[in-house]
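Just so you know, the sequences run in chain order Y and C. Residue 2 is where the first sequence starts when you use our numbering, and the numbers rise one by one after that. Residue 3 is where the second sequence starts when you use our numbering, and the numbers rise one by one after that.
Just so you know, the hints here were simulated from the structure itself, not pulled from any lab data. Note that the coordinates shown come from a computational prediction; the quantities given were computed from them, not determined experimentally. Treat the hints loosely; a few may be bogus.
Partner residues are not named here, just some residues of chain C that face chain Y (Cβ under 7 Å, in silico) [what the hints assert, rightly or not]:
1) Gly30
2) Pro299
3) Asp450
Straight line, CA to CA, 25 Å or less: simulated BS3-like cross-link-like pairs of lysine-lysine [as the list claims (entries may be wrong)]:
4) Lys308(C) / Lys189(C)
5) Lys80(C) / Lys105(C)
6) Lys282(C) / Lys308(C)
7) Lys31(Y) / Lys389(C)
8) Lys165(C) / Lys17(C)
9) Lys282(C) / Lys185(C)
10) Lys63(Y) / Lys389(C)
11) Lys355(C) / Lys64(Y)
12) Lys327(C) / Lys386(C)
13) Lys433(C) / Lys308(C)
14) Lys165(C) / Lys189(C)
15) Lys282(C) / Lys189(C)
16) Lys20(C) / Lys63(Y)
17) Lys189(C) / Lys64(Y)
18) Lys282(C) / Lys64(Y)
19) Lys64(Y) / Lys185(C)
20) Lys64(Y) / Lys31(Y)
21) Lys184(C) / Lys63(Y)
22) Lys275(C) / Lys31(Y)
23) Lys184(C) / Lys110(C)
24) Lys275(C) / Lys327(C)
25) Lys17(C) / Lys63(Y)
26) Lys20(C) / Lys165(C)
27) Lys386(C) / Lys282(C)
28) Lys63(Y) / Lys355(C)
29) Lys275(C) / Lys63(Y)
30) Lys77(C) / Lys105(C)
31) Lys433(C) / Lys64(Y)
32) Lys433(C) / Lys386(C)
33) Lys80(C) / Lys110(C)
34) Lys64(Y) / Lys106(C)
35) Lys189(C) / Lys31(Y)
36) Lys389(C) / Lys415(C)
37) Lys355(C) / Lys31(Y)
38) Lys63(Y) / Lys308(C)
39) Lys358(C) / Lys275(C)
40) Lys275(C) / Lys64(Y)
We put the CB at the ideal spot given by N, CA and C, even for glycine.
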Amino acid sequence: MQLTESQQRIMLAMARGLRLKDHRDIEGHKTYALHYPDDHSEPVNPDDVAALVERGLISSNKKFPSATYWLTEAGSAAVAAMQTEPSRESD
Amino acid sequence: MFRNLFNPKVKPEDKEPKRLWLDLGDLGDLVNPAGPHEQWQDHGMGLLRTILHQNGVMTDMFSTRQCTSWEEVEKRMKGYDMLIMNVRSYTFPIAYRSAQIFKKLNPKGIVLTGGMHATVALDEMLAVPEFDKICQGPGENVIVNLVTHPDAFPRVILGVGAKSMAEWPMIDRTLWPEPASKKLAAKFNWPLEPECGWGPPPVATILTSRVCPWQCAFCNENSYIPNMGRRPVDMVIEELNYLDETYGPIGSVVIHDSMFFQNPSWLEEWLDKYPRYANKTWPYWAAARADTVRQWPDLFEALVRKTNWSTVSIGFESGSDRVLKILNKECTEEDNYFAIDLLTRIGDDMEAKGLKPPVFWSNIMLGIPGETREDAFKTMRMIKYTKRMMPSISFYAPYPGSALGHQIIAEGKSLMSKENYHRYPDDEKVKGIDYQFYRDLLSGKYDDEINRGLATIRQQRTNYWDALAKA
Numbered sequence: 002m003q004l005t006e007s008q009q010r011i012m013l014a015m016a017r018g019l020r021l022k023d024h025r026d027i028e029g030h031k032t033y034a035l036h037y038p039d040d041h042s043e044p045v046n047p048d049d050v051a052a053l054v055e056r057g058l059i060s061s062n063k064k065f066p067s068a069t070y071w072l073t074e075a076g077s078a079a080v081a082a083m084q085t086e087p088s089r090e091s092d
Numbered sequence: 003m004f005r006n007l008f009n010p011k012v013k014p015e016d017k018e019p020k021r022l023w024l025d026l027g028d029l030g031d032l033v034n035p036a037g038p039h040e041q042w043q044d045h046g047m048g049l050l051r052t053i054l055h056q057n058g059v060m061t062d063m064f065s066t067r068q069c070t071s072w073e074e075v076e077k078r079m080k081g082y083d084m085l086i087m088n089v090r091s092y093t094f095p096i097a098y099r100s101a102q103i104f105k106k107l108n109p110k111g112i113v114l115t116g117g118m119h120a121t122v123a124l125d126e127m128l129a130v131p132e133f134d135k136i137c138q139g140p141g142e143n144v145i146v147n148l149v150t151h152p153d154a155f156p157r158v159i160l161g162v163g164a165k166s167m168a169e170w171p172m173i174d175r176t177l178w179p180e181p182a183s184k185k186l187a188a189k190f191n192w193p194l195e196p197e198c199g200w201g202p203p204p205v206a207t208i209l210t211s212r213v214c215p216w217q218c219a220f221c222n223e224n225s226y227i228p229n230m231g232r233r234p235v236d237m238v239i240e241e242l243n244y245l246d247e248t249y250g251p252i253g254s255v256v257i258h259d260s261m262f263f264q265n266p267s268w269l270e271e272w273l274d275k276y277p278r279y280a281n282k283t284w285p286y287w288a289a290a291r292a293d294t295v296r297q298w299p300d301l302f303e304a305l306v307r308k309t310n311w312s313t314v315s316i317g318f319e320s321g322s323d324r325v326l327k328i329l330n331k332e333c334t335e336e337d338n339y340f341a342i343d344l345l346t347r348i349g350d351d352m353e354a355k356g357l358k359p360p361v362f363w364s365n366i367m368l369g370i371p372g373e374t375r376e377d378a379f380k381t382m383r384m385i386k387y388t389k390r391m392m393p394s395i396s397f398y399a400p401y402p403g404s405a406l407g408h409q410i411i412a413e414g415k416s417l418m419s420k421e422n423y424h425r426y427p428d429d430e431k432v433k434g435i436d437y438q439f440y441r442d443l444l445s446g447k448y449d450d451e452i453n454r455g456l457a458t459i460r461q462q463r464t465n466y467w468d469a470l471a472k473a
C-alpha cells in the first residue's frame with residue numbers, strides 16, 4: 002500500500018527535525034501536531050499517524066498524556082527513498 | 003482472612019452511606035484511547051476496593067476514563083456521601099477537578115484521597131480545600147477504618163501497609179472499570195487487559211514485589227514507600243492460574259514490579275515452579291537492571307530461556323558512564339553492554355532453534371543536565387548497537403520527589419512548574435539544555451557521527467566475547 006501524500010508529508014517533516022507529538026488535554030481532547038523549532042505547531046490527521054504506526058514507519062515513547070514520535074529505521078529508509086524521487090524534493 | 007487481620011470490629015451500619023470510588027485518568031482513555039498504556043488498570047484501587055468489599059464496605063465505582071466530557075462525570079457523581087480517589091501526579095488535575103464537582107453536587111459529602119501524589123507532594127494536596135482527608139503512604143491496613151469512620155482521623159493520615167504482600171488478598175478484577183465503547187470492549191478482554199505490543203492478548207498484569215531498592219536520582223521511590231515482603235511464588239502462580247481459568251485463556255503476563263530481577267532465592271523458586279505449575283508458561287514482561295544481570299548472568303539466562311521472559315525491561319537510561327553517575331544509576335557502560343550482549347547471544351541461539359528471541363524494552367533518557375554531545379552520541383550508539391530493542395526515549399524531567407528533581411528546582415533551572423508539571427506538553431523541561439540538538443539527534447542528523455563510533459564498539463565487543471569464549 003502506497004503512503005498518501007499527507008502521510009509522506011509528515012514523515013518528511015519529521016526527517017527535517019519537526020517533532021510529531023500527541024497530547025490529551027484535561028478536557029479529553031486528543032490532538033496530533035507537528036511542532037516547529039519556533040514552537041508553533043500544525044495539526045495532523047490522527048488517521049495518518051495511526052497508519053504510519055501500523056506500518057512500522059514511526060514509533061513513539063508511549064508516554065501519556067503526551068507522546069513523542071520518531072522515525073523508525075524502516076521510516077528513515079522510506080524517507081530516503083522519497084527524497085530520491087524528484088517530485089518530492091520540493092517538500 | 004483479611005477482614006480479621008485488619009478490622010475485626012467493623013459492623014455494617016444501619017444506613018450505609020453512598021460511597022463512590024472514582025478511578026482517575028484522562029477523559030476518553032477507556033472510550034477511544036490513543037495508546038495502550040493509558041488503558042492499564044490501577045492495582046492500588048483494585049487492591050483497596052477488594053479489601054473494602056471483603057469487609058462488607060461497599061463502594062460504587064466509575065472512571066473518568068469512561069467519560070468523554072466533564073458534564074458526563076458530573077451526571078454520574080450526584081447523590082453520593084463520599085468520594086474516594088487514588089491520586090498519582092499525572093492524575094492530580096483530574097482529581098482536583100473531580101473533587102470540586104463532587105463538592106458542588108454534594109456539599110455535605112466527604113472527599114478521601116491517597117496515593118503516590120499525596121506521598122510525594124503533600125503541599126499540593128493540602129492546598130486543595132476540597133480534599134477532606136489525605137492519606138500518605140500505603141493504605142491497605144487503614145482503608146477500612148478510614149472509610150467507615152473518617153471523622154475519627156485528622157486531615158492528614160499516615161497510612162499503614164502490610165508487612166508482606168502475602169497478606170494482600172487476590173484482587174477482584176471485576177472491581178476495575180470496564181471499557182466504555184463497543185470498539186474498545188471487543189479487544190480489551192476485561193477484566194484482563196489489552197495487549198500493548200509486549201505479548202499476545204489477553205494480558206494479565208500482576209505484582210510480585212513492591213519498590214525498587216536502588217536510589218536513582220531521577221526516581222527515589224524507595225525514599226517514600228516502605229519495603230515489604232515479596233508475594234510468595236505459589237500465590238503468584240495460583241492467581242495466574244485462577245485468572246486463566248476464570249477469564250482466560252491468558253495470552254501473556256506483565257509483571258508490573260518496579261524491579262523483578264532482585265532477590266535471587268525468590269527468582270530461583272520462580273524458575274523452578276513457574277514452568278511446572280502454571281497452566282502454561284506464558285511469555286512475560288518484567289524489569290531488571292544491567293548490573294544485576296551482570297552479577298547473576300546464569301540466573302538471568304535460565305529465567306529467559308526456561309520461564310519465557312520474553313520482554314526484558316531495563317532502564318539503561320544512558321550509554322555514558324558520566325551520565326550514569328549523574329543519575330546515581332549505580333550501573334556502568336560495561337554493565338549495559340554486558341546485558342545487551344548476553345540477551346543478544348541468548349536471542350540468536352533461540353532464533354537458530356526456531357524460537358522467538360527475547361527483546362529489550364528500554365527506557366532511555368536524553369537532555370540530562372551535565373550531559374555532553376558525546377555522551378548523547380554514546381547513548382544513541384548503544385541503542386543502535388542493540389539487536390533487539392524497543393526503546394522508550396524521553397527527555398529528562400525534573401519531577402519533585404526525586405533527588406535530582408529537587409536539585410534542579412532549587413537551582414531555578416526547571417521549566418516545569420507546580421501548575422503545569424503534571425501535564426507538561428512540551429519537550430523542554432530544563433533551562434540551559436540545547437533541545438534543538440536533541441531533536442536533530444533523534445531525527446538522524448548526527449547519524450554519521452554515531453555510526454562512526456559504532457564500528458569500533460562492535461569490534462571491541464566482538465573481541466571481548468572472543469576472549470570470554472576462549473577463557
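Here is what the structure says about each hint:
Taken as an interface hint, glycine 30(C) checks out: its beta carbon lies about 4 Å from the nearest beta carbon of chain Y, inside 7 Å. Annotation: proline 299(C) was flagged as interfacial toward chain Y, and the flag is violated, the nearest CB pair being 29 Å apart, outside 7 Å. The criterion of a C-beta within 7 Å of any C-beta in chain Y is not met by aspartate 450(C), whose closest approach is roughly 13 Å, and the hint is violated. Straight-line distance between C-alpha atoms of lysine 308(C) and lysine 189(C) comes to about 29 Å, which puts the hinted pair past the 25 Å bound.
A C-alpha spacing of about 10 Å is found between lysine 80(C) and lysine 105(C), which places the hinted pair at or below 25 Å, so the restraint holds. A threshold of 25 Å between alpha carbons decides the hint, and for lysine 282(C) with lysine 308(C) the separation of about 12 Å falls inside it, so the pair holds. Between lysine 31(Y) and lysine 389(C) the CA atoms are separated by roughly 34 Å; this puts the pair beyond 25 Å, and the hint is violated. Restraint check for lysine 165(C) and lysine 17(C): the C-alpha separation of about 34 Å exceeds 25 Å, so the hint is violated.
Distance restraint check for lysine 282(C) and lysine 185(C): the Cα-Cα separation of roughly 29 Å exceeds the 25 Å cut-off, and the hinted pair is therefore not satisfied. Straight-line distance between C-alpha atoms of lysine 63(Y) and lysine 389(C) comes to about 21 Å, which keeps the hinted pair within the 25 Å bound. Taking the CA atoms of lysine 355(C) and lysine 64(Y), the gap is about 35 Å. The hint is violated against a cut of 25 Å. Between lysine 327(C) and lysine 386(C) the CA atoms are separated by roughly 22 Å; this keeps the pair inside 25 Å, and the hint holds.
The hinted pair formed by lysine 433(C) and lysine 308(C) fails the criterion: a straight-line CA distance of about 47 Å is larger than 25 Å. Using a Cα cut-off of 25 Å, the hinted pair lysine 165(C) and lysine 189(C) is violated, with the two alpha carbons roughly 37 Å apart. Taken as a hint, the lysine 282(C) and lysine 189(C) pair is honoured in the structure, with Cα atoms around 22 Å apart against an allowance of 25 Å. About 37 Å separates the Cα atoms of lysine 20(C) and lysine 63(Y), which puts this hinted pair outside 25 Å; it is violated.
For the hint linking lysine 189(C) to lysine 64(Y), the alpha-carbon distance of about 21 Å falls within 25 Å, and the restraint holds. With a CA separation close to 31 Å, the supplied pair lysine 282(C) and lysine 64(Y) exceeds the 25 Å bound. Restraint check: the Cα-Cα separation between lysine 64(Y) and lysine 185(C) comes to about 22 Å, which is no more than 25 Å; the hinted pair holds. Between lysine 64(Y) and lysine 31(Y) the CA atoms are separated by roughly 13 Å; this keeps the pair inside 25 Å, and the hint holds.
As the CA atoms of lysine 184(C) and lysine 63(Y) are separated by approximately 24 Å, the hinted pair is consistent with the 25 Å bound. A threshold of 25 Å between alpha carbons decides the hint, and for lysine 275(C) with lysine 31(Y) the separation of about 44 Å lies outside it, so the pair is violated. In summary, the hint linking lysine 184(C) to lysine 110(C) is not supported, as the alpha carbons are separated by about 36 Å, beyond the 25 Å threshold. For the given pair, lysine 275(C) sits about 38 Å from lysine 327(C) by alpha-carbon distance, which is inconsistent with the 25 Å threshold.
Distance hint between lysine 17(C) and lysine 63(Y) is unfulfilled; the C-alpha atoms sit about 46 Å from each other, more than 25 Å. Proposed proximity of lysine 20(C) and lysine 165(C) is contradicted: the alpha carbons are some 31 Å apart, above 25 Å. Only pairs whose Cα atoms come within 25 Å are accepted, and lysine 386(C) paired with lysine 282(C) is rejected, the gap being roughly 34 Å. A C-alpha spacing of about 32 Å is found between lysine 63(Y) and lysine 355(C), which places the hinted pair above 25 Å, so the restraint is violated.
In summary, the hint linking lysine 275(C) to lysine 63(Y) is not supported, as the alpha carbons are separated by about 33 Å, beyond the 25 Å threshold. Only pairs whose Cα atoms come within 25 Å are accepted, and lysine 77(C) paired with lysine 105(C) is accepted, the gap being roughly 13 Å. With a C-alpha separation of about 22 Å, the suggested pairing of lysine 433(C) with lysine 64(Y) holds against the 25 Å cut-off. With a C-alpha separation of about 28 Å, the suggested pairing of lysine 433(C) with lysine 386(C) is violated against the 25 Å cut-off.
Between lysine 80(C) and lysine 110(C) the alpha-carbon distance is near 12 Å, which keeps this suggested pair within the 25 Å criterion. For the hint linking lysine 64(Y) to lysine 106(C), the alpha-carbon distance of about 33 Å lies beyond 25 Å, and the restraint is violated. Using a Cα cut-off of 25 Å, the hinted pair lysine 189(C) and lysine 31(Y) holds, with the two alpha carbons roughly 21 Å apart. A distance of roughly 37 Å separates the Cα atoms of lysine 389(C) and lysine 415(C); the hinted pair therefore is violated under the 25 Å criterion.
Restraint check: the Cα-Cα separation between lysine 355(C) and lysine 31(Y) comes to about 44 Å, which exceeds 25 Å; the hinted pair is violated. A hinted pair counts as satisfied when its Cα atoms are at most 25 Å apart, and lysine 63(Y) with lysine 308(C) does not qualify at roughly 29 Å. A hinted pair counts as satisfied when its Cα atoms are at most 25 Å apart, and lysine 358(C) with lysine 275(C) qualifies at roughly 22 Å. The straight-line distance between the Cα atoms of lysine 275(C) and lysine 64(Y) is roughly 34 Å, outside the 25 Å bound, and the hint therefore fails.
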